[in-house]
Amino acid sequence: MSPAEILNKLTVNFNYVVAMTLFIIGLYTIISKPNLIKKFMGLNIMETSVFLFVVSSGAVMGGKAPIVGEGVSPGTVFVNPIPQALILTGIVVAMSTTALALALIIKLYEQCGTLNADKLKEIK
Amino acid sequence: MLEFSQHCPVLMTITLLVGAALTPIVSRFRKKLSFLWAMFISLLSFFFCSCATWRLYSEGPISYWLSGWEPPYGIEVRFDYVSTITFLMTGLGVLIIFYSRKYIEHEINEDKFSLYYTLVLLLLCGMVGFSVTGDMFNLYVFLEILSLSGYALIAITEEKLNAMASFKYLVMGAISSLSILAGIALLYNVTGTLNMADMALRLQQFPPILTSYVALVLFVVGFSVKAAMFPVHIWLPDAHALAPSPVSALLSGLVIKVGIVGMIRILYTVYRLGGNINFIPVTNFMGWLAAITILIGAFFAFFQDDIKMIFAYSSISNIGYIVMGISLVSFTQPEKGYLGMVGGLIHIFNHAIIKSTLFLCAGALIYKTGFRKLSDLRGMGKKMPITCGALTIASISIAGIPPTSGFICKWYIILGAIEFGKWYFAAALLIGTLLVFAYYIKIVNAIFFREPNEPITKVDEAPMSMLIPIVLLAIGCLVLGVFAYLPLAVIRPAAATILGLPSTYIPGG
Amino acid sequence: MKKGVIIFALFLLWVLLVAAVIALPPMGSSETPAYTHVVPRYLEKEVEEGGANNIVTGIILNYRGYDTMGEVTVIFTALICVLAVLGRENIKRHTSKVELSSVEKSVIVKSVVRLLAPFIILFALYIILHGAESPGGGFQGGAILGASVIVFTLTFGFTLGMKKFPLKYRTILESAGPLSFFISGVVALFCGLNFLTYMLPCINHAYQDLVRHLLLLIIEIGIGIGGGTVIGSIFFAMEKVEKE
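Residue numbers (my numbering), protein chains in the order written: chain A, 299 to 422; chain B, 9 to 517; chain C, 51 to 294.
Just so you know, the hints here were simulated from the structure itself, not pulled from any lab data. One or more of the hints may lead you astray.
What the hints assert, rightly or not - Okay, derived cross-link-like pairs now, EDC-like style, lysine to aspartate or glutamate, Cα gap no bigger than 16 Å in a straight line:
id, chain 1, residue 1, chain 2, residue 2
1, B, Lys-120, B, Glu-78
2, A, Lys-419, B, Glu-167
3, B, Lys-176, A, Glu-368
4, C, Lys-213, C, Asp-259
5, B, Lys-168, A, Glu-303
6, C, Lys-142, B, Asp-119
7, C, Lys-293, A, Glu-408
8, B, Lys-391, B, Glu-343
9, B, Lys-381, B, Glu-427
10, C, Lys-293, C, Glu-183
11, A, Lys-362, C, Glu-183
12, A, Lys-419, B, Asp-246
13, B, Lys-168, A, Glu-368
Predicted, not measured: the structure shown is a model, and the values here were computed from it.
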């Protein structure tokens, strides 16, 4: 691909690029921050980035929400409903992971009195 | 009967799922009831699984359409030859739940008993559902059920280190799940479908684009974390060594195999051999990593003193064998990869049984003595002869001495490596085996032939409820080794269908 | 040094991922493989086959119902995981930090919550029951229901919260999600159909559509109530503090 084409693709698929950037930012947060809550926020950023990617991939120009009923004319263009259905599941899974991670953080703080990963390593 | 057995692949998942949902309610009536209930549910699920397996070998793979929608539109549950691993999962599940009854009194608070059984049932449900599904997103959902219950089972005790090990596992596991989800999302955008078989067809129709390759890399990375391959194995030793022993047996025996099943599904069901996308560079790279994994795992195991730590590192090493076996394939000549594939798949079965035996024996030793260090366990062989006998049988099996089950899989993997002229893989495998042999000799020596540090007085044989599963599993190790044609008969069609050959394929025939 | 290596590796990963996504078909186009393969059937036939005007609800409950069953189980798993890590609250042994703090709750907050709580619950029920026709459904309604439990407990104190939402009932309601799915799904097995089929030919033709709506309604209510209770119970487990 020529540079102009790449630039064009970058602007057309801008949402995707932003999602992937967020994915990397989240990963960096997990690796570099010592605080467990921050690590775990990085995880949430990563989750959100994947959701953003999937939901954007369901978009259709000029599409309406996929609800049939009164006031919706027969020829209406709907957006792709599958990504929305998938992401509903994804959000629930993310919420469950969040709940468990927070529970572990609470327990660790009660037992060790710190949330710094470097200090926690020394406690052993 | 035939009519009914068609429902079995989905019934065995549903049974575990509903059983788990009912466990807290059942245990409200009487605390003791939760154990019996978990036993009943796992036995029922084992029964359904046996029916499904019986039908698989008499009628061929079962394709079950949930809600009656045909595959690309609805979800398909597919019980094929790879899914026979569910037989192992439910069977081991029954034994481990039986074993847990006495053991958990030792490590877990009394109010958490019913939660423990619920989580074990959910873990089994996740694994079974994962192994039989034919839909990509369904795979992810069940992967999450099993991962979440796995994290919590490690942290169910009150120890400080457990919560930390669990958190480490959670962070790495969540990253790997997300990488798998991102892979699914990319692949969905390339193919427009979520059904695995349909996805494979659509991948052949379009010219390959870069996205498919990146998705493959994301999948392989994600499942490598779940399977604890080098260099992403770092969560495993703490998590598996610190968890309660029955949980270690489940995690080490079965949960890490789920990563392997996922890899097989992705590589050989979705990205087919001989298709549009040549993934041999990826499998080659996996082979190299597997060789390093074997050596690293065996090397670190050698220097441990904690008995469960040794087994945990040994699991890493064994995952290396399995991955090496399944990565020895050729893109254009599927027959060439047959031997390695058979070896890898048999090792999934054998390692599950052997490693469960080892962890359950370690659990019995810890339950009776309270010691985990090898130096404290000296001379236990005379006090607990049955447990230590089983431990010895399992140790010999895992070291791969000929009459036992560990030998046959390594033999096949070495043959597979030589088939491809990769003698260095065979060499890595042999060095790994020697190291394994050395450290298991160390265990057997310490337990049987060394004098105890201080005279042991109050230790006697473990209770019946722990001995029965241990003895059954030890007999399993011996039987699978002496009558090696039994597992081979089960594995051969699986290996052949994975490679795209007819299920009756016999090399040279 | 270490940081530099990490940033460099992540940069390479970023380039790889961006290269992967810009190779995808342009966003918003209606010619993509994703929009032309499976979706047309959903858009055209869902109302007739699935029986919900909201196509997303139709996909969630009907075409991909098994996924949703797994999803409901994930919520249930999350609760059991949190309880396994932190333990259940006990009305005799536990209190909360909110209750222990010396700051008096203002009258305004209390009256507003008292006034609004019934409406929040009503709204949640509306969202749950109206999921087939408009945006919403069991999960969204359940989250609102859970939020109402949390708001009530934060304002009127932990002890009262535990009394109003007693453990006895919560233990049963928590499993409502998976169980309602099971009940609705297993009916089809007796008609000789596949699990989770809602359109049952073995009953009188006139009632088929009614039965289908009834089964879907059971699931929606189960998801909503189960989800709400799970959120409430997770909150109780996390908020509790041992009494002195």
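Hinted pair, alpha-carbon criterion (16 Å max): A/Lys-419, B/Glu-167. Please report holds or violated.
Measuring from Cα to Cα gives roughly 15 Å; hence the hint holds.
Does the alpha-carbon distance linking C/Lys-293 and C/Glu-183 stay inside the 16 Å limit?
The given pair, whose Cα atoms are some 48 Å apart, is violated under the 16 Å limit.
B/Lys-391 paired with B/Glu-343 [C-alpha distance capped at 16 Å]
This hinted pair is violated, its Cα atoms lying about 51 Å apart.
Taking 16 Å as the top limit, are the C-alpha atoms of B/Lys-381 and B/Glu-427 close enough?
Violated: B/Lys-381 and B/Glu-427 sit about 42 Å apart, past 16 Å.
Under the criterion that the straight-line Cα-Cα distance not exceed 16 Å, is the pair C/Lys-293, A/Glu-408 satisfied?
Roughly 15 Å separates the two Cα atoms, so the pair holds.
Check the hint pairing A/Lys-419 with B/Asp-246 against an upper bound of 16 Å on the C-alpha distance.
12 Å, holds
Take a quick look at whether C/Lys-213 and C/Asp-259 sit within 16 Å of each other, Cα to Cα.
Violated - the C-alpha atoms of C/Asp-259 and C/Lys-213 are around 41 Å apart, more than 16 Å.
Would you mind confirming whether the straight-line C-alpha gap from A/Lys-362 to C/Glu-183 stays at or under 16 Å?
The hint holds at about 15 Å.
Is the Cα-Cα distance between B/Lys-168 and A/Glu-368 16 Å or less?
59 Å, violated
Holds or violated: B/Lys-120 with B/Glu-78, Cα cutoff 16 Å?
With a Cα-Cα distance of about 43 Å, the restraint between B/Lys-120 and B/Glu-78 is violated, given a limit of 16 Å.
Are C/Lys-142 and B/Asp-119 close enough, with their CA atoms no more than 16 Å apart?
15 Å, holds
Agreement of B/Lys-176 and A/Glu-368 with the hint, judged by alpha carbon distance not exceeding 16 Å:
Between B/Lys-176 and A/Glu-368 the Cα gap is close to 52 Å, so the pair fails against 16 Å, i.e. violated.
Of the numbered hints given earlier, the model fails hints 1, 3, 4, 5, 8, 9, 10, 13; all others are met.
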